[in-house]
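Construct all of the structure, not just a fragment, from the sequences and the given hints.
Residue numbers (our numbering), protein chains in the order written: chain B, 23 to 264; chain D, 37 to 210.
Errors might be hidden in some of the hints.
Unchecked claim - Just some of the chain D residues that point at chain B, by a computed CB distance under 8 Å:
hint, residue
1, LYS74
2, THR135
3, GLU157
Claimed, not checked - The following label-pair restraints were derived from C-beta to C-beta distances:
hint, chain 1, residue 1, chain 2, residue 2, range
4, D, ASP204, B, GLU165, 29 to 39 Å
5, D, ASP121, B, ASP148, 58 to 68 Å
6, B, ASN123, D, GLU196, 34 to 44 Å
7, B, GLU150, D, ASP204, 52 to 62 Å
8, B, ASN95, D, GLY166, 50 to 60 Å
9, B, ASN123, D, ASP121, 46 to 56 Å
10, B, GLU150, D, ALA68, 42 to 52 Å
11, D, ARG173, B, ASP196, 13 to 23 Å
12, B, GLU150, D, LYS169, 49 to 59 Å
13, D, THR183, B, ASP148, 46 to 56 Å
14, D, ASP69, B, ALA246, 33 to 43 Å
Unchecked claim - Here are a few chain D residues that sit away from chain B, every Cβ distance over 12 Å (derived from the structure):
hint, residue
15, THR70
16, ALA72
17, ARG82
18, GLU89
19, GLN134
20, LYS152
21, LYS169
These are computed hints drawn from the structure, not numbers from a lab.
Positions of the beta carbon are idealized from the N, C-alpha and C atoms, including for glycine.
This is what each chain is made of:
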Amino acid sequence: MSFLSRKKILHLASVLLAVSVSPVTLAKEKPKTSVSDLRYGVTLYHYYQQDYLSALAELMVADSRDGIQGHGNNPELIAGGISLAFGMQNHAESVFNSILNDEKRPQTARDAAWFYLGKLQYLRADYEGAARSFNHISNKASENLLAQVSALKINIAIRQNNFMQLDKKSLDEDRLLDWNPYATYNLGAAYARAGNFEQAEYYFNELNDLDGDESSLTQKELWALQDKAATAMGYSFWHKKI
Amino acid sequence: MRIALRSLAQLTLILISLYSSFSYAEDATPTADTEALKESVLTLNRDLLILEEELLYPASSQVAIYLSMDLGTFFALDAVKVEIDNQLITSELYSDKQTQALFRGGVQRLYVGNLKTGEHEISAIFTGRGPNKDYKRGAKLIVNKTTDPLVLELRIQDSESQMQPKFDIKQWEM
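Here's what the structure looks like:
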């Protein structure tokens, strides 16, 4: 196996992990209480099962009737989020921009809109734009949202090839929450691709030292990541020897 | 009529998914054309859903039954059966994905149909697992169907005081 193909494997693994940063793989949330509008609840029911077409159809039927009552900005945000997941990026962008252009919107709605807009720019490989959008998010945003933003900022640094400027403190477990193992793996893979195997080993070892009890990821998810890290580390050792 | 509408919707969706997969094969970034096509399909789907509802379930005879779970930490839903006047009208076996969607705040539209005006008995039987034992519990409600649509919500809720689930049926005012 050539070095190029090993690089491809590491790159593929990294891409796969980046794909997991999708609108539907949000970190664990607290359960919601009952909804006051049934159509909104039905939309969520489809959305959480990744049935985006049915979710959007439900929202559109609601819009053509008397809309969804009593959920503030949530239906709009969810419409933008589902459109993004369904590959309707232009539509999603117009929804988020309309929220951001309205200064009367509460900060929580603006934070969510900036977050999704940043994610959209990230998906379009507009990494500078994504970083700018993420910088608009206030510190009052939810812990889970800020954790995802931190992980995405690390991914942006990797994509822009300036991840070596990140210090090890950027991997703050308390800030990254469930995204910490993913960020650790991605940094390890990035160093391996760059040929810096010592640093790669450092991050892969960090990941392998993580205990299932310390992370709220499912044990299977953590094992899968650790398995990938162990495989990648094996390639690193092999490469150092040849 | 109902089958024809659904078939048309399904055919359209198959065509769009085929089109999308070919487009993605050529280029990872969805094109504006693909997005426009998706919007057209969504609009068509919406119109078909509205048409289906208006033609098959007119407001004067419509009954819609939803299922929700408020928190649900004391109950893992396995199945539900719904009867109107002792006639089974729908039943559902739940996958993990469905129960998770309910647990996170989703509401399932379990049944939409027609019902004559007058008094009717609605009953639901829930089966599932609780913290210490398996549950098979029922909930009943006598309703008076008028010429307005009848909207019912089967609710699974946590009773914090009793540390066990409770089940009821709520009638929505339309």
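Subject >> Hint check: 8 Å Cβ-Cβ cutoff, LYS74/D to chain B >> reply: holds, 6 Å
**OP:** Check the following: the C-beta atoms of ASN95/B and GLY166/D are separated by a distance inside 50 to 60 Å.
**Re:** violated, 36 Å
Subject >> Beyond 12 Å from every chain B Cβ - status for THR70/D >> reply: violated, 7 Å
**OP:** Given the range 34 to 44 Å, decide if the beta-carbon distance of ASN123/B to GLU196/D lies inside it.
**Re:** Given about 43 Å between the Cβ atoms, the range holds.
Original post:
Is the hint on THR135/D kept, meaning its closest Cβ partner in chain B is under 8 Å away?
Top reply: Result: violated, 10 Å to nearest chain B Cβ.
Subject >> C-beta pair GLU150/B, LYS169/D: status relative to the range 49 to 59 Å that was hinted >> reply: Between GLU150/B and LYS169/D, where Cβ atoms are some 57 Å apart, the hint holds.
Original post:
Holds or violated: 42 to 52 Å for the Cβ distance of GLU150/B and ALA68/D?
Top reply: violated, 23 Å
Original post:
Lying within 58 to 68 Å: is that true of the beta-carbon distance ASP121/D to ASP148/B?
Top reply: holds, 59 Å
Original post:
Holds or violated: is the Cβ of ALA72/D farther than 12 Å from all Cβ atoms of chain B?
Top reply: About 9 Å separates ALA72/D from the closest Cβ of chain B, which leaves it inside 12 Å; violated.
**OP:** Kindly confirm whether 33 to 43 Å is satisfied by the beta carbon distance between ASP69/D and ALA246/B.
**Re:** Distance hint for ASP69/D, ALA246/B holds at roughly 37 Å.
Subject >> Range agreement (Cβ of ASP148/B with Cβ of THR183/D, hint 46 to 56 Å) >> reply: Taking Cβ atoms as reference, THR183/D and ASP148/B lie about 55 Å apart, which means the hint holds.
Subject >> Cβ separation check - ARG82/D to all of chain B, threshold 12 Å >> reply: violated, 4 Å
Comparing the model with each earlier hint shows violations of hints 2, 3, 8, 10, 11, 15, 16, 17, 18, 19; every other hint is respected.
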